[in-house]
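Q: Go ahead and model the full structure; you've got the sequences and the hints to work with.
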Amino acid sequence: MSAVQVTGVSKIFNQGTAKQVDALIDVNLTVEPGEFVSLIGPSGCGKSTLLRLIANLLEPTTGSIMVNGKSASQSRLDQDYGMAFQQAGLFDWRTVAKNIELPLELKGWDKDKRAARAQEMLELVKLPEFAELYPWQLSGGMQQRIAIARALAAHPPLLLMDEPFGALDEMTREYMQGELLRICAETSTTVVFVTHSIPEAVYLSNRVVVMSPRPGRITDLINVNLGAKRTEDTRAATDFFTGITAVREALRGTHADHANAGAVRGVEDR
Amino acid sequence: MKATSRIRRILPPLVFGVAFLSLWEGVVKGFDLKPYFLAAPSKIFEQFFKNFARIWEATSVSGTNALVGLIAGTVFGVAMSFALSRYRFLGELVTPLAIALNAIPIFVLVAVLNNMYSITSEIPRRIMVSLVVYFIVLVNVAKGLTQVQSTHVELMKSYAASDFAILRKVRVPNAVPYLFTALKIAAPVSVITAFVSEYFGGSQNGLGSRITSNIANSKNAAAWAYVLGACLLGLTFYAVSIVLESAASRGGVASKTNNNK
Amino acid sequence: MFVLSIVLVVALWEMYKVVGPQDGGKLFGAGVLPRSNDTAMPHVWTMLSRYGRPEVRGSDKRVWLVVLEGAWFSLRLSIVGFLLGSSIGVGLSVVMSRFRIVERGLLPYLVVSQTVPLIALAPLVALWGGKLHIFGFEWPRWFSAAVLGAFLSFFPIAVGTLRGLASAPAAAVELMESYAASWKQILLKLRFPSAIPYMIPAFKLGASGSVVGVVVAEISTGLKGGIGRLIIEYAREATADPAKVFTAVFGAAALGLTMAGVIAISDVYLMRNRPKETT
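So the protein lines, in turn, are chains A, B and C.
Take 186 as the starting number for the first sequence in the working numbering and just add one per residue.
Take 7 as the starting number for the second sequence in the working numbering and just add one per residue.
Take 78 as the starting number for the third sequence in the working numbering and just add one per residue.
Watch out, some of these pointers could steer you wrong.
Claimed, not checked - Straight-line distance between alpha carbons at most 30 Å, and here's what the computed DSBU-like set of lysine-lysine pairs gives:
| no. | chain 1 | residue 1 | chain 2 | residue 2 |
| --- | --- | --- | --- | --- |
| 1 | C | K261 | A | K255 |
| 2 | A | K255 | C | K266 |
| 3 | C | K301 | A | K296 |
| 4 | B | K175 | B | K163 |
| 5 | A | K296 | C | K266 |
If you are wondering where the hints come from, they were derived from the structure by calculation, not from laboratory data.
A: See below:
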């Protein structure tokens, strides 16, 4: 059973009017459990829309989406996924710990279980001392780590992320990427990750989904063969740069004729 | 379509209004309520047109008081806010007073003012309105003059602009939306203050006194006809302030709010 | 600083008494200058000392006690009015936040309702109240004044709360939707906490509105025991006893300041954990 199954999905806004927007046309994507998949593409390619369709925050115009073997709406009701955005979006009036507890409160967990789980998540993101502080007392990177802790609080099998590191500086960003990989390995979470950054997509993912706009569609699927364990040294590896080049070329549309032909590009040197 | 969106905006209040009036009329007729208890809208309109001349007269008295106070208060308020923006220590002096006066039912001062003037004078009411308007305008316009984006001021200073030039080119344009916010609040408030000031004795020509005397004589429908006049006066003032605002901010920013009072 | 401004006002008052025309005067042809004789403008120390002397000739009660009792009476009414007004105001804002059509239809009338002069409403409310008997709840005369206080306080509270409820960032609402949170959960866990910074200034306006409503109601219904009635009574005696009306006026001021103080304290408490704003 795949973690995410997107079949023949289209999303059209303002259909039939002058303001019609073909956000996504005929998108097919399968994400296996434990995979880390990045969605990358220029503005208007529909990557954020696709993420929101998987999250059931939007309904597809045509096609179907299955998450964890259920319909997307059922998955949302069962809280089968956690979400993280570019703005950490923590509530200013709650302590860090209470912020993490939010999804658990909504699910009706009792007080002690919630507190224990929040503490566990804080250990996971390595910020246990900050439980009783308020979000505005933390740096941007720390706030994002809390947001990730909150997204994973209910131990969902799937994590959906929309450019979560976009607002951070480069050094913090690289650090957060490493932390994210570590956390996902520890929790065996499947991740669908939207980003603007080619190196970030390549560093983090098993597969990079290249999209293009007008109309929004998937144009390429690129396998990244950097192995399961990625470290800071990986950033200097030849395979890393090969992967980046492959994605960059795909984005430039030099291989547009291979679009949706199912061709999968390997990145090893042969 | 612009026309349809305008209709969409007007329709709900219109429907609510008609429904409310019909309900009112229905309740009075249906329960056969006596006029001293609750007057029917139809009776009120009847009285309104019957007494129109006198209502008009009373409205002009109260309306003039409100208008004079509004203008005076605005002028003094703007002048004082210029002073406040120039001399910061004045701000420290005036602001606590303004905050305190905001909290108290300031209109009770009319009792004092009536004593200081002759019994037929309308001046105490006008002073009262000016005072109330003055503080509203002062608080808002001062905020507009002082709370400018620091990048704008830095830019002007890099051009070696004088304080006066900064005032003219940065502070005043910034303050204009705040002035209109103040006017939109002050306009109806000036009307209400003008009425309330009439309870404390003194000349009996305004709407407030007319309403009281009609109620005292159990002429409810007539009293409410005067109330209708009062509402129309208040609405007119408010409408004029909105028109002035849109005339002044053609292509500009909508009024800013003072939500951290 | 506040003390300094009070001193300044007192100084201006006394200065005018020295230089101003005893029987009033004209400035540019209009009779704008007030009389500065002792009957019209008593000295400040006369006003203050008036507190210590008996209220009425032959009575034992000192003025300050009478004023204090009057202010206390009106304060309790204002609090009731404020609580009633805030419940209505907050309730209305929740309904308007939930159903946009109610907001669009109702809000213009709420604005207009604030222009209706209280003098017309106060006697009516008193009249209806007298006829109303809900489940044996007797409508005491003072309640009408509280209702008027509620009438003047509900509007700023409704408007401010509505704005506050709408101020929750769209991303946060999306987050809550991703948790399949119900509208009620979103209201309680997101919208209300985001609304607090907007509700506090609204509550300040509501508190002062309640005081105004109560005092005006007292005056127009002739309700005994409150500060409004005292002001009118003393104003009538002003030619004979000029300082007395000031004592009541200051009492009313103290009333307003007390209400404001209570809100200010809740402001500090409610915002204690929030990031401090830089002006």
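Q: All hints are to be evaluated individually against the structure, with a verdict given for each.
A: Hints and how they fare:
Proximity of C/K261 to A/K255 is assessed by CA-CA distance (about 26 Å); at most 30 Å being required, the pair is judged to hold. Restraint check for A/K255 and C/K266: the C-alpha separation of about 28 Å stays at or below 30 Å, so the hint holds. For a cut-off of 30 Å, the pair hint linking C/K301 to A/K296 is broken: about 53 Å separates their Cα positions. Between B/K175 and B/K163 the alpha-carbon distance is near 12 Å, which keeps this suggested pair within the 30 Å criterion.
Distance hint between A/K296 and C/K266 is fulfilled; the C-alpha atoms sit about 16 Å from each other, no more than 30 Å.
Hint 3 from the earlier list is the only one contradicted by this structure; the remaining hints agree with it.
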